[in-house]
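Given only the sequences and the hints, what does the whole structure look like? Please build it.
Residue numbers (our numbering), protein chains in the order written: chain A, 3 to 474; chain B, 3 to 474.
These are calculated hints, taken from the structure and not from any lab test.
Remember, identical chains collapse to one label, so a pair may be satisfied in a single copy or spanning two.
27 Å max Cα-Cα, derived DSS-like pairs, lysine-lysine: (1) Lys16 <-> Lys242; (2) Lys76 <-> Lys242; (3) Lys375 <-> Lys66; (4) Lys16 <-> Lys371; (5) Lys437 <-> Lys243; (6) Lys436 <-> Lys16; (7) Lys436 <-> Lys371; (8) Lys178 <-> Lys193; (9) Lys243 <-> Lys66; (10) Lys178 <-> Lys200; (11) Lys200 <-> Lys243; (12) Lys66 <-> Lys16.
There are 2 protein chains.
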Amino acid sequence: MAENNEMVMDMESKNRQFDEDVEQILELLQESNYFKAREIILRYNEVDIAEIIEEILDEMEVEKAIIIFRMLPKNVSVEVFSYLDGDDQVNIINGITDREISFILDELDFDDMIDVLEELPANIVDKILDQTPKEERKLINTFLNYPEDCAGSLMTPDYISLQETMTVKEALQHIKTQGMDSETVYTCYVKHGGRELKGIVSLSALVTADEDTLVSDLMHTEYVYLNVYDDQEEVAEAFKKYGFLAIPVVDNENRLVGIVTVDDIMEIIEEETTEDIERMGGVMSDDQDAEYLDIGVFRHVKNRLPWLLFMTVMLMITGMLIAQFEEVLSQVIILVAYLPLLMGTGGNTGTQAATLIIRGLSVDEIDLKDVFKVIWKELRVSVILGIVLSAFNFLKIIIVDGQPAPIALTVALSMIVVIVFAKLLGGLLPMAAKKIGVDPALMATPMISSLTDMVSSCIYLFTASVILGITL
Amino acid sequence: MAENNEMVMDMESKNRQFDEDVEQILELLQESNYFKAREIILRYNEVDIAEIIEEILDEMEVEKAIIIFRMLPKNVSVEVFSYLDGDDQVNIINGITDREISFILDELDFDDMIDVLEELPANIVDKILDQTPKEERKLINTFLNYPEDCAGSLMTPDYISLQETMTVKEALQHIKTQGMDSETVYTCYVKHGGRELKGIVSLSALVTADEDTLVSDLMHTEYVYLNVYDDQEEVAEAFKKYGFLAIPVVDNENRLVGIVTVDDIMEIIEEETTEDIERMGGVMSDDQDAEYLDIGVFRHVKNRLPWLLFMTVMLMITGMLIAQFEEVLSQVIILVAYLPLLMGTGGNTGTQAATLIIRGLSVDEIDLKDVFKVIWKELRVSVILGIVLSAFNFLKIIIVDGQPAPIALTVALSMIVVIVFAKLLGGLLPMAAKKIGVDPALMATPMISSLTDMVSSCIYLFTASVILGITL
Numbered sequence: 003m004a005e006n007n008e009m010v011m012d013m014e015s016k017n018r019q020f021d022e023d024v025e026q027i028l029e030l031l032q033e034s035n036y037f038k039a040r041e042i043i044l045r046y047n048e049v050d051i052a053e054i055i056e057e058i059l060d061e062m063e064v065e066k067a068i069i070i071f072r073m074l075p076k077n078v079s080v081e082v083f084s085y086l087d088g089d090d091q092v093n094i095i096n097g098i099t100d101r102e103i104s105f106i107l108d109e110l111d112f113d114d115m116i117d118v119l120e121e122l123p124a125n126i127v128d129k130i131l132d133q134t135p136k137e138e139r140k141l142i143n144t145f146l147n148y149p150e151d152c153a154g155s156l157m158t159p160d161y162i163s164l165q166e167t168m169t170v171k172e173a174l175q176h177i178k179t180q181g182m183d184s185e186t187v188y189t190c191y192v193k194h195g196g197r198e199l200k201g202i203v204s205l206s207a208l209v210t211a212d213e214d215t216l217v218s219d220l221m222h223t224e225y226v227y228l229n230v231y232d233d234q235e236e237v238a239e240a241f242k243k244y245g246f247l248a249i250p251v252v253d254n255e256n257r258l259v260g261i262v263t264v265d266d267i268m269e270i271i272e273e274e275t276t277e278d279i280e281r282m283g284g285v286m287s288d289d290q291d292a293e294y295l296d297i298g299v300f301r302h303v304k305n306r307l308p309w310l311l312f313m314t315v316m317l318m319i320t321g322m323l324i325a326q327f328e329e330v331l332s333q334v335i336i337l338v339a340y341l342p343l344l345m346g347t348g349g350n351t352g353t354q355a356a357t358l359i360i361r362g363l364s365v366d367e368i369d370l371k372d373v374f375k376v377i378w379k380e381l382r383v384s385v386i387l388g389i390v391l392s393a394f395n396f397l398k399i400i401i402v403d404g405q406p407a408p409i410a411l412t413v414a415l416s417m418i419v420v421i422v423f424a425k426l427l428g429g430l431l432p433m434a435a436k437k438i439g440v441d442p443a444l445m446a447t448p449m450i451s452s453l454t455d456m457v458s459s460c461i462y463l464f465t466a467s468v469i470l471g472i473t474l
Numbered sequence: 003m004a005e006n007n008e009m010v011m012d013m014e015s016k017n018r019q020f021d022e023d024v025e026q027i028l029e030l031l032q033e034s035n036y037f038k039a040r041e042i043i044l045r046y047n048e049v050d051i052a053e054i055i056e057e058i059l060d061e062m063e064v065e066k067a068i069i070i071f072r073m074l075p076k077n078v079s080v081e082v083f084s085y086l087d088g089d090d091q092v093n094i095i096n097g098i099t100d101r102e103i104s105f106i107l108d109e110l111d112f113d114d115m116i117d118v119l120e121e122l123p124a125n126i127v128d129k130i131l132d133q134t135p136k137e138e139r140k141l142i143n144t145f146l147n148y149p150e151d152c153a154g155s156l157m158t159p160d161y162i163s164l165q166e167t168m169t170v171k172e173a174l175q176h177i178k179t180q181g182m183d184s185e186t187v188y189t190c191y192v193k194h195g196g197r198e199l200k201g202i203v204s205l206s207a208l209v210t211a212d213e214d215t216l217v218s219d220l221m222h223t224e225y226v227y228l229n230v231y232d233d234q235e236e237v238a239e240a241f242k243k244y245g246f247l248a249i250p251v252v253d254n255e256n257r258l259v260g261i262v263t264v265d266d267i268m269e270i271i272e273e274e275t276t277e278d279i280e281r282m283g284g285v286m287s288d289d290q291d292a293e294y295l296d297i298g299v300f301r302h303v304k305n306r307l308p309w310l311l312f313m314t315v316m317l318m319i320t321g322m323l324i325a326q327f328e329e330v331l332s333q334v335i336i337l338v339a340y341l342p343l344l345m346g347t348g349g350n351t352g353t354q355a356a357t358l359i360i361r362g363l364s365v366d367e368i369d370l371k372d373v374f375k376v377i378w379k380e381l382r383v384s385v386i387l388g389i390v391l392s393a394f395n396f397l398k399i400i401i402v403d404g405q406p407a408p409i410a411l412t413v414a415l416s417m418i419v420v421i422v423f424a425k426l427l428g429g430l431l432p433m434a435a436k437k438i439g440v441d442p443a444l445m446a447t448p449m450i451s452s453l454t455d456m457v458s459s460c461i462y463l464f465t466a467s468v469i470l471g472i473t474l
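Shown next as structure tokens:
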């Protein structure tokens, strides 16, 4: 965490000031006026300096970003480095000397260091590990081997270990000699024998207790913990559910191997949400860390093409089904004018239902066992919406378009059926996906609109053929 | 926070166990076997007991939920109460005596109490306030008057105040006598004169410092703070950006009035995300606290109808535009079979771009000044996707459908134009919305697909009339 912060005033005027300053810094560097540039930069705190460097890297001014990074006081540079995105860290690493790299890695928190090593090319990592003491090298290798996106890759081995037999006074003395980062010090861990976790005790319990109290009297022996291989989504869920500042992580032998702290979870929640939103919009990205502007054109194509091809095939089938109704359409060509209305309404109403259900499933407001409640709710909602929208369309077709009643009736009747069908499909598909272990988010817009397009056009044209008495 | 937790084992088997236990509890209550029911309930921690009560309230078993609530040891019941949703709290409040209500409100953390009072009907609130000491009543009234969804409604006035002249030893002694909740104790606030905030000092700094050190030597005088009227979205942004555990809140006269802690922010982030996702799916909900299953049918209709009506009107216009091409369609009726393909592809490709840009804007990966980068990126991506998809369709129409080349060419050419148009529209509309101060999330699926439907069908039918040489 930044240990030196600035005032946050009015957010908007602050952002304006920031943009102006970034531009001025770039100009000053252009003129080689490093002294003045440094002065402006050092008005900001570490989080903001990291943002300045990211902005400048976004402008492709890698060299200038490195100049700025090197201008920083050493302790500030490490903090700033830890706030940079993975890609930007690699950019900086590539531009500084091995000595500077070693210094940064030494000073970083353990979990941040692991994140950096994961991003670096293997040959650089090997070179760095060669210079690391054997014990630490072993620990680093263990951490590097945890699969990405699991609790093991999020945790830090830096935590406070206490013993049951310590008094509060001894415990506080022990904490003082360790002197760690604030986010890791607020929960202390009491280990049993070798490394098995026996209990936890919060720093607030220690500082508010009498100094002769034994740690064993304060600690909780029942606590929430995670396994190193738990998926990061489960990790985020545990933090959201319990509201803790840190959760211990154990290995398969129940030995305490590290802790995950809440400040690292915010990012995870954001990444998981981005993944959901992108999937709901028909984009399949394999790396949520990468930012839109940093992703190359071909990767954008690769992320978007699979769903588009799927939907194209579905739309082709829809077209072939419509072609079956050629007889109806050629006799009453005006029916074509209402085809988009029916298809669009199906897609829109289905998407609404799917959006609500997918979100409800993801924040645990809806359970699989609520399936009948969902059906009953969507059924009533869709009947009401169906009646309102068909009445509206019926009147418009008669009054504004001046079409005969059978046409208006065809549109109105098929619209009710389409809306009910689309709402039920939108409600049920995400639940079915979850049931069979597929991400419900994949069942949003693209899937729902493909299916409703197909079914809506058939319902509409079939209704038309019946009402208008045309044999297919 | 729950002070007494249980083990989290394998998440899935735990969930199964939980569901079974809830069912068993309901059965036991049915048989009036309260003793056994209580035994099962007390195996769980407070967070989980709250979930049990919520499950039972979802089953409409209000009376049983109240029986369970009354079974709990008094201190547990207050914790459990604080974890319930607003609606469920009101359900419980309505079923217990005034005395029980007073006890709970007295024991709740101040910010939780304010949340409860905000949910209760005015006459009950008045009755409660009548019994409250004058000073506290004044404070409660001030808090109740902060607008919902602002920093003032999220903060708690319970924080540790220190004085500059205190030594570390005195400060720790002061903290010990205050003895507050863990989430509020980890950052202490140093006030100047009356109530103006002078600096902040973390508990970790205090416990790791020498006991004779002065607080003034440890405190940071530059710090991040919020104004009581800052929107909750800004509050969440500040926590995400800086990773702090707590942020002080000041009023318009710069006086410290409370602090916001990180555990209350998780919920806000979830609410804000839900709002974004729902808006992107065409649902306008006015209350993110309400759960899908708890929302009545008519409110669901009300939340969904506005966008549906807007989209219906857009689709009507699309239909009227298509009717202008009646001549083309009646001469070459097979063109209708490819209309859904063109409209669908426009909607799908546009939605993909809009989803990425909206999310990028919301997590600050994309700035308004990146508009040309977005255009350039989407232009290249859409040309490549356009070529791939049109080639695919061209071949399919000739080979599978056996249609003549001019039809296939019409579809292929208009498809490239539609995709480029849709991607640019999807990229630019959210940015334009942000520029004029409208939520970009409103520019997703419903808006984009309405507009692309309209434009795609015109591009397609106009291209057809040109290539097939039909005068309109």
